[in-house]
Amino acid sequence: MAELGGKRNRFLMKNPENGDLNQYWYSKATIDAIVAEVGEFGSGGTAFLSTPSIYFSLDRDLRAKCKVFDLDTKWAKDPGFVLYDYTKPQDIPETLRGTFDMVVVDPPFVTRQVWESYTAATKLLLRPGGARLVLCSTILENAPFMEELLGASPCEFKPSIPNLVYQYSLYVNYDSKRLASCNPEIPSEA
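Taking the working numbering, the leading residue of the sequence shown gets 18, the next gets one more, and so forth.
FYI, nobody ran anything at the bench for these hints, they're computed from the structure. Treat the hints with care, since some could be wrong.
As the list claims (entries may be wrong) - Restraint-style ranges between C-beta atoms, simulated for each label pair: (1) M30 to T112: 30 to 36 Å; (2) V182 to A160: 18 to 24 Å; (3) R144 to S170: 33 to 39 Å; (4) G168 to G61: 15 to 21 Å; (5) V182 to A93: 27 to 33 Å.
Claimed, not checked - Using 27 Å as the maximum straight-line C-alpha spacing, the simulated DSS-like pairs for lysine-lysine come out as follows: (6) K140 to K105; (7) K194 to K175; (8) K82 to K24; (9) K82 to K140; (10) K24 to K194; (11) K175 to K94; (12) K31 to K82; (13) K82 to K105.
Note that beta-carbon positions come from the ideal geometry of N, C-alpha and C, so glycine has one too.
Assemble the whole structure, with the sequences as input and the hints as a guide.
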């Protein structure tokens, strides 16, 4: 749903999901929670890997410090857009390497091989000596290798992705009070 609490999300209204690119958007409430997380922890600059719904939901001031890395060129006119093929992390421009305090990742596929590629990109983008924070979205079954690859653990807050048939989890490598609570959009498991 593009509206919750009276405020619409322009990204959700203007960008239909694209199954051919495995693009399934978070709910507005989930986007709002992740945007708040980035606002709190990633204000020194955040790279968004395959997460245009979050990047384009940021306010302009915060977005000016960020970049969105994506294969879909429909966003190429945005000054923060960087063409990104997850199978070629080495192609990340040299000028952007080591320039971000936070990386937000939501790959189109959940296999270890895909996550190894995204991990390589994440490590290239994080600032040496900076906060080096990651916020990721994948299935709960990936917890062992998410810890191994990125030092990230699953959060209590699970993202709502209304048109995806299976439940994802959010993972972080830092303490988050916001993501330590359950998402009221997700029915609790018995």
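Results for each hint:
A hinted range of 30 to 36 Å holds for the C-beta pair M30 and T112, which are about 33 Å apart. A hinted range of 18 to 24 Å for the beta carbons of V182 and A160 is consistent with their spacing of about 20 Å. In this structure the hint that R144 and S170 lie 33 to 39 Å apart at CB is violated, the actual value being about 22 Å. Look at G168 against G61: about 19 Å separates their beta carbons, and that is inside 15 to 21 Å.
Between V182 and A93, the C-beta spacing of about 30 Å keeps the proposed range 27 to 33 Å intact. For the given pair, K140 sits about 14 Å from K105 by alpha-carbon distance, which is consistent with the 27 Å threshold. Between K194 and K175, the direct Cα distance comes to roughly 14 Å. Compliance with the 27 Å bound is thereby established for this hinted pair. A C-alpha spacing of about 24 Å is found between K82 and K24, which places the hinted pair at or below 27 Å, so the restraint holds.
For the suggested pair K82 and K140, the alpha carbons sit about 18 Å apart, so the restraint of at most 27 Å is met. Annotation: proposed proximity of K24 to K194 holds, straight-line Cα distance about 24 Å (limit 27 Å). Annotation: proposed proximity of K175 to K94 is violated, straight-line Cα distance about 32 Å (limit 27 Å). Distance hint between K31 and K82 is fulfilled; the C-alpha atoms sit about 23 Å from each other, no more than 27 Å.
Distance restraint check for K82 and K105: the Cα-Cα separation of roughly 24 Å lies within the 27 Å cut-off, and the hinted pair is therefore satisfied.
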